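Visitor: As they're listed, the protein sequences go chains A and F. According to my numbering, the stretch in the first sequence is residues 36 to 318, in order. According to my numbering, the stretch in the second sequence is residues 36 to 318, in order.
Heads up, a few of these hints could be off.
Remember, identical chains collapse to one label, so a pair may be satisfied in a single copy or spanning two.
Stated by the list, open to error - Computed cross-link-like contacts, SDA-like style, restricted to lysine to any residue with a CA-CA straight-line distance of at most 25 Å:
{"id": "1", "residue 1": "K311", "residue 2": "P206"}
{"id": "2", "residue 1": "K315", "residue 2": "M36"}
{"id": "3", "residue 1": "K172", "residue 2": "M201"}
{"id": "4", "residue 1": "K70", "residue 2": "L132"}
{"id": "5", "residue 1": "K293", "residue 2": "E280"}
{"id": "6", "residue 1": "K211", "residue 2": "T286"}
{"id": "7", "residue 1": "K185", "residue 2": "E276"}
{"id": "8", "residue 1": "K234", "residue 2": "N116"}
{"id": "9", "residue 1": "K293", "residue 2": "A163"}
{"id": "10", "residue 1": "K257", "residue 2": "T156"}
{"id": "11", "residue 1": "K117", "residue 2": "K293"}
{"id": "12", "residue 1": "K56", "residue 2": "K189"}
{"id": "13", "residue 1": "K53", "residue 2": "E180"}
{"id": "14", "residue 1": "K271", "residue 2": "L291"}
{"id": "15", "residue 1": "K53", "residue 2": "Y309"}
{"id": "16", "residue 1": "K315", "residue 2": "T286"}
{"id": "17", "residue 1": "K69", "residue 2": "T173"}
{"id": "18", "residue 1": "K211", "residue 2": "Q287"}
{"id": "19", "residue 1": "K189", "residue 2": "V170"}
{"id": "20", "residue 1": "K109", "residue 2": "Q287"}
{"id": "21", "residue 1": "K268", "residue 2": "I282"}
{"id": "22", "residue 1": "K69", "residue 2": "P112"}
Everything labelled a hint here was simulated from the structure, so no lab data went into it. Note that the structure is predicted; figures quoted are calculated from it, not measured.
Below are the chains, spelled out letter by letter.
Protein chains: 2
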Amino acid sequence: MKNIFVIGIGLIGGSLVKDIKKQDPSVTVYGIDKKDAVLSEALSLSLIDEKATLDDLENADLVIVSIPVDATEKLLPVILNKVNDNALVVDVGSTKLDICKAVENHEKRRNYLAMHPIAGTEFSGPSAAINDLFVGKTNIICEVEKTAFKLQEKALELFRNIGMRMCYMNPEAHDKHIAYVSHLSHISSFMLGKTVIEKEKNERDIFDMAGSGFASTVRLAKSSPAMWTPIFKQNKANVIETLEEYIANLTQFKELMKQDNFEAIYNEMENTNYIKDILKGIN
Amino acid sequence: MKNIFVIGIGLIGGSLVKDIKKQDPSVTVYGIDKKDAVLSEALSLSLIDEKATLDDLENADLVIVSIPVDATEKLLPVILNKVNDNALVVDVGSTKLDICKAVENHEKRRNYLAMHPIAGTEFSGPSAAINDLFVGKTNIICEVEKTAFKLQEKALELFRNIGMRMCYMNPEAHDKHIAYVSHLSHISSFMLGKTVIEKEKNERDIFDMAGSGFASTVRLAKSSPAMWTPIFKQNKANVIETLEEYIANLTQFKELMKQDNFEAIYNEMENTNYIKDILKGIN
Chain A
36 MKNIFVIGIG LIGGSLVKDI KKQDPSVTVY GIDKKDAVLS EALSLSLIDE
86 KATLDDLENA DLVIVSIPVD ATEKLLPVIL NKVNDNALVV DVGSTKLDIC
136 KAVENHEKRR NYLAMHPIAG TEFSGPSAAI NDLFVGKTNI ICEVEKTAFK
186 LQEKALELFR NIGMRMCYMN PEAHDKHIAY VSHLSHISSF MLGKTVIEKE
236 KNERDIFDMA GSGFASTVRL AKSSPAMWTP IFKQNKANVI ETLEEYIANL
286 TQFKELMKQD NFEAIYNEME NTNYIKDILK GIN
Chain F
36 MKNIFVIGIG LIGGSLVKDI KKQDPSVTVY GIDKKDAVLS EALSLSLIDE
86 KATLDDLENA DLVIVSIPVD ATEKLLPVIL NKVNDNALVV DVGSTKLDIC
136 KAVENHEKRR NYLAMHPIAG TEFSGPSAAI NDLFVGKTNI ICEVEKTAFK
186 LQEKALELFR NIGMRMCYMN PEAHDKHIAY VSHLSHISSF MLGKTVIEKE
236 KNERDIFDMA GSGFASTVRL AKSSPAMWTP IFKQNKANVI ETLEEYIANL
286 TQFKELMKQD NFEAIYNEME NTNYIKDILK GIN
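Please take these sequences and the hints and turn them into a complete structure.
Guide: So this is what it looks like as structure tokens:
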């Protein structure tokens, strides 16, 4: 693997090429981004070795597509048109069904591996790229059987070398479950932030009362709207289902409080304390 | 200040006496707890020097009341009955109105200082006590004018020495604002945990898909129901108000999704990104 192209050089794409280059300093990393300023920043941060365009993709051994999921859906067929027969193309999007559908009948479908590394921070852009982001993290791979065998092997070796655990799942299951364990958390956090900001807009110093608990629950409200809007759009049905269940649980909690049923409130919390065991092992 | 009594030796009480003892190793720390096992654990962790009972309080120079807020409401008048005229009694509860009311006409009201250190973790019990928990944290003090002047001075010096910033507020304002920046976060976190656990109870390995974002938003769902139930009970009206606003915001977000109004979804998130500036400075 000599020529690696990364399309969209932010937190995930940037961190991936940082780790890959650390494993094998002989690779050349080419960056493609619709904003030249992002490419220049990535170059100055040494995330990429050279600026490139889609027309250079014929030289790629590996293409990492790390752009918003709606852009991936549109661009992935174009990328597959341009790569050579031995190239591996991966995307890192937080939805998998629509993206897999966009290339299901593409003649180069076997050059593509659908994946979702469960890693990140609330930051974005080239400066958010960090080393070792993927150590011990889960990489969900969808429809692995549709990828050429030698390219599967290549991908597994590469991502295992930077510390990831592989996990296989079909795109429908991925999108349904990730709505619960990731997409819903983002909405709960954004709306919590909104609720508090609205209330306290005239009393700025109230935020001096906020502690680490508040900071933790609203951390994801710092996330990029440009990245998250297309995710919610592509995973609309699943996300709405999680929101309905979450709202129903909050409403029930509120009703128990109104009824002064604090024994039930206690039990609700005690039953959920079990999350401690579940969270063990998540970094 | 020679004899310090701590009633309830968990995360906050334990961490306070750890820091106070570090500042002045000559003090003797006496522990009072309804569970003897907690006292023994606190003793073995060197959080306290001796076990004690309420009848020993006449020797106290400082009493720290760090027990659930309903227990504080009941016990605080009894404690004030027992202390000597020069003793300072503080509580650390997450509600202030009902607790202040419980002693408003007590003949030793001037020996009491109502406070709420905004510090903590999701853990509880003596083993959760840590050093330097309060460095740079806000300590909200209510009705300071009702505390004897020399005891105010004593308290301010003590808590400033362990790193806290003081902030003054009336109990009504404290309870209203803390419902937004603390109590609501706990409920959002507990209900998020519940929603995901319910959905995924038959698919345990789904939690392998959960990343650091999920862990951050549900962290507070590890909190102690014994501590939090009385807080929600005492602050019922304010907490219900925050829940209604939070549910309304979530419902509106869901409706925008149903209407495919993703431009509005984008704007909702972008407007809330402003939380970044607010969170700067919260540890």
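Visitor: When the structure is checked against the list of hints, which entries are broken? Sort them ascending.
Guide: Hints 1, 2, 4, 7, 8, 9, 11, 13, 15, 16, 17 and 20 are the ones this structure does not satisfy, whereas the remaining hints hold.
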